[in-house]
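Chemist: Please model the entire structure based on the sequences and the hints provided.
Going line by line, the protein sequences match chains Y and S. At position 28 of the first sequence (counting the first as 1) the number is 28 in my numbering, and the numbers step up by one without a gap. At position 350 of the second sequence (counting the first as 1) the number is 350 in my numbering, and the numbers step up by one without a gap.
Source of the hints: derived by calculation from the structure; they are not laboratory data. Take these hints with a grain of salt, some might be off.
[To be verified] In silico SDA-like links for lysine to any residue, alpha-carbon gap of 20 Å or less:
| hint | chain 1 | residue 1 | chain 2 | residue 2 |
| --- | --- | --- | --- | --- |
| 1 | S | Lys405 | Y | Leu22 |
| 2 | S | Lys394 | Y | Glu178 |
| 3 | S | Lys394 | Y | Asn15 |
| 4 | S | Lys394 | Y | Arg7 |
| 5 | S | Lys407 | Y | Gly189 |
| 6 | Y | Lys187 | S | Lys439 |
| 7 | S | Lys439 | S | Tyr141 |
| 8 | S | Lys382 | Y | Ser16 |
| 9 | S | Lys382 | Y | Asn24 |
| 10 | S | Lys390 | Y | Leu179 |
| 11 | S | Lys382 | Y | Arg7 |
| 12 | Y | Lys70 | Y | Arg113 |
| 13 | S | Lys407 | Y | Ser16 |
| 14 | S | Lys390 | Y | His47 |
| 15 | S | Lys382 | Y | Leu22 |
| 16 | S | Lys390 | Y | Ala198 |
| 17 | S | Lys390 | Y | Arg113 |
| 18 | S | Lys394 | Y | Ile180 |
| 19 | S | Lys407 | Y | Phe21 |
| 20 | S | Lys373 | Y | Gly189 |
| 21 | S | Lys394 | Y | Phe140 |
[Unchecked claim] Listing some non-contacts, in silico: residues in chain Y with all C-beta distances to chain S over 12 Å:
| hint | residue |
| --- | --- |
| 22 | Ile17 |
| 23 | Trp84 |
| 24 | Ile91 |
| 25 | Glu102 |
| 26 | Lys110 |
| 27 | Leu117 |
| 28 | Thr154 |
| 29 | Lys183 |
| 30 | Gly189 |
Quick reminder that beta carbons are idealized off the backbone N, C-alpha and C, glycines included.
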Amino acid sequence: MINISRRNPWALWPNSICPAFLSNPAVDRLQGDQYWKIDVDFSYTEHNISRQKDIFCIVPKYTGLSVHDKRVFIGVGHEDEDDWHGTNTFIQPNTREKWTFEHFPKDTLKVFRNGELEFEYSLVIRPLAVVSTPQEPIVFIGTDRHIVNDQSETHDITFYEFKITVSEGVICHHDWSELIHGKSVDKTGNCNFLYEMA
Amino acid sequence: MNTSYAKVRDQLNQKGCGFCLAKWTQVTMHLGVGLTHSCHHPVQHKIPLAELKRNPSALHNTRFKKLKRKEMLEGERPSECNYCWNIEDNSNSFSDRTFKSAEPWSLDQMEKIKTSNWRDNYNPRYVEVSFSNTCNLKCAYCGPQYSSKWVEEIEKHGEYKTSTEFNSIKLLKERDEMPLKKTEHNPYVEAFWEWWPELYPDLHTFRITGGEPLLSPDTFKVLEYIQENWEQNPRLSLAINTNLSVPDKLIKRLLDIGEDLVNNNKIRELIIFTSVEAIGRQAEYTRFGLNYDKFWENIDQICTRIPKVTVNIMAAFNALSVFTYGELIDKVLEMKGKHDNGKRYWTTAVQLDTAYIRWPPHLSVKILEPEHKELILEAAKKALHYGSNKMTSKVYGFTDVEIQKIKRVYDFAIAKDDFDIEKYRKDFAIFVEENDKRKGTNFYEVFPELKEFYDKYKS
Chain Y
1 MINISRRNPW ALWPNSICPA FLSNPAVDRL QGDQYWKIDV DFSYTEHNIS RQKDIFCIVP
61 KYTGLSVHDK RVFIGVGHED EDDWHGTNTF IQPNTREKWT FEHFPKDTLK VFRNGELEFE
121 YSLVIRPLAV VSTPQEPIVF IGTDRHIVND QSETHDITFY EFKITVSEGV ICHHDWSELI
181 HGKSVDKTGN CNFLYEMA
Chain S
1 MNTSYAKVRD QLNQKGCGFC LAKWTQVTMH LGVGLTHSCH HPVQHKIPLA ELKRNPSALH
61 NTRFKKLKRK EMLEGERPSE CNYCWNIEDN SNSFSDRTFK SAEPWSLDQM EKIKTSNWRD
121 NYNPRYVEVS FSNTCNLKCA YCGPQYSSKW VEEIEKHGEY KTSTEFNSIK LLKERDEMPL
181 KKTEHNPYVE AFWEWWPELY PDLHTFRITG GEPLLSPDTF KVLEYIQENW EQNPRLSLAI
241 NTNLSVPDKL IKRLLDIGED LVNNNKIREL IIFTSVEAIG RQAEYTRFGL NYDKFWENID
301 QICTRIPKVT VNIMAAFNAL SVFTYGELID KVLEMKGKHD NGKRYWTTAV QLDTAYIRWP
361 PHLSVKILEP EHKELILEAA KKALHYGSNK MTSKVYGFTD VEIQKIKRVY DFAIAKDDFD
421 IEKYRKDFAI FVEENDKRKG TNFYEVFPEL KEFYDKYKS
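Modeler: What follows is the structure in structure tokens.
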């Protein structure tokens, strides 16, 4: 578990440090032509509740989960442009939520809340983007489009678990139980670490 | 393909397919033996004393080397530079001919050298010098050429009875390559001092190596010369290789001079190179004569007293490094963090530059059991987690290159090739048994992790 201030989000970008080290980093699997699943287990606080909190997002094509004034927003990063879906789902602060994004290439993006299918987006006509270097994918966790001059160190989001599964199985798993030099150690041993942008 | 290197290669090829600026612009001189070469690929050759009498710059400008330059200027490829020709003939990669010619001390000399006469003497811009092999350590992978302590041991006990006749001095004697003793007159050092006033103003980089250079009076003589005459070359890049295991008074003397040179801008930069590749007793076993704690005290002192200096640890990763290399990485990170001040010549205070040893083969990581080789990967993973994070204010940590070089040791260790593992494992046991006898060490105590392995191959 980790308490995250929106000023210090976490990033999954393991090949940013030593590009030749990992032959197949997890971020490279989060593509529009591959099966993948992301599980997040989190809660958010009442601090800055009127501002958008990005629970997680894959960039540069924005796919992810955000909360703004308790309302859930889903980003879907298509090849042509990102879609931004304001939903009618509201989640409460200080309540633990488990969400899953499951991607079936060129078919659907299914979004589950606490194990139940909540949303489904067709990707048949407009698949998710396939991103290649130098614009490799990065996953940010616990970011916020905050006011730049706001320097307060509030606790905005609590993360309990972050997990990426692909066709071969789980390739990246974090519960922040082992931290080294500002990094969360990947429990799978694949070195898909997260690091704190402090 | 990198266009700037491609451009340099094109410029070189305009003169000839074997043309390389390093033959003129750089030199490594082993004055304790009288050997020289430009880059490290061609074998060193003996400096003829008759040439030195007429011309002290024959430490670099030997007739032998001038004939190689002639070949280069006439479009031929000297056979001694085969290392590069192999790369160029068998791949699209750039060879060191291009890389070395593109170095800042070389590139701006291109036109001047192209139009030069092969008979001309040329003052190199990059000079590496070893004044003698005087050294107080006997590192397990070193030998008589670079350590007077090894000479003493081999003269007393003979070479090791490995398949390679490890550290035999017979061949050195046959080739007239035995290092001169400290007490003997050294005509090469004498020539160096005759040449030095002319050489110094043109230098881009000057690197002093050994033996242990701080045990050589010539090292301090050079440093004091630079202190006095710095106005002739305030842009000098100065590097010193030292084992940091010499008496305190010598470290203090180095620091006093270093502070003066750096703080008063008498040089462009000062980099200290040193070596260690394990921790504690295992490091002391590998580098016989080392005081491990003192070694780190000295690094700490350098980084504290001279806030611009970087200490580069050249780790010769070998079979005895695997068990504690991870802890060495911890220590390096600690020092990087402690001395991170944003003022260094290089980005980090302490740099870990890992290379694997190929010689002697009985100390190569290739002899290890698979589970021991995995420890190398674990160490590389640790360094990766200690990497400098992007887009953060915490900049200290291991760099891409530092991490990659550790990973490369693992790749080398597991690579399949014609390395004769069984033969060199037996050699390893022969070496350890004899080493313990000669030095009074106890391998079992220091390396309990290798007890089973050692027992298996011990005679």
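Chemist: Against chain S, does Ile91 of chain Y hold up as non-interface, every C-beta pair farther apart than 12 Å?
Modeler: holds (29 Å)
Chemist: Regarding the pair Lys382 of chain S and Asn24 of chain Y, is the alpha-carbon distance no greater than 20 Å?
Modeler: holds (18 Å)
Chemist: Per the stated criterion, does the least C-beta distance between Leu117 of chain Y and chain S lie above 12 Å, as a non-interface residue requires?
Modeler: Consistent with the label, Leu117 of chain Y stays out of reach of chain S, its closest Cβ about 35 Å off (over 12 Å).
Chemist: Beyond 12 Å from every Cβ of chain S: is that where the Cβ of Glu102 of chain Y lies?
Modeler: Per Cβ check, Glu102 of chain Y is outside 12 Å of chain S; nearest 29 Å; holds.
Chemist: Is the hinted pair Lys439 of chain S and Tyr141 of chain S satisfied, with a Cα-Cα distance of at most 20 Å?
Modeler: OK: Lys439 of chain S and Tyr141 of chain S at ~15 Å, within 20 Å.
Chemist: Is it true that the CA of Lys394 of chain S sits at most 20 Å from the CA of Asn15 of chain Y?
Modeler: Measuring from Cα to Cα gives roughly 18 Å; hence the hint holds.
Chemist: Holds or violated: Lys390 of chain S with His47 of chain Y, Cα cutoff 20 Å?
Modeler: Answer violated: Lys390 of chain S to His47 of chain Y is near 27 Å, above 20 Å.
Chemist: Take a quick look at whether Lys390 of chain S and Arg113 of chain Y sit within 20 Å of each other, Cα to Cα.
Modeler: violated (32 Å)
Chemist: Given the proposed pairing of Lys407 of chain S with Gly189 of chain Y, does the C-alpha separation stay at or below 20 Å?
Modeler: holds (16 Å)
Chemist: Is it true that the CA of Lys394 of chain S sits at most 20 Å from the CA of Arg7 of chain Y?
Modeler: Within the cut-off at roughly 14 Å; holds.
Chemist: Please settle this one: Lys110 of chain Y was flagged as non-interface, so is its CB more than 12 Å from every CB on chain S?
Modeler: holds (31 Å)
Chemist: Can we trust that Lys183 of chain Y is non-interface, i.e. its beta-carbon lies farther than 12 Å from all of chain S?
Modeler: For Lys183 of chain Y, whose nearest Cβ neighbour in chain S is about 5 Å away, the distance does not exceed 12 Å, so it is violated.
When held up to the earlier numbered hints, the structure conflicts with 6, 11, 14, 17, 22, 29 and 30 and fits the remainder.
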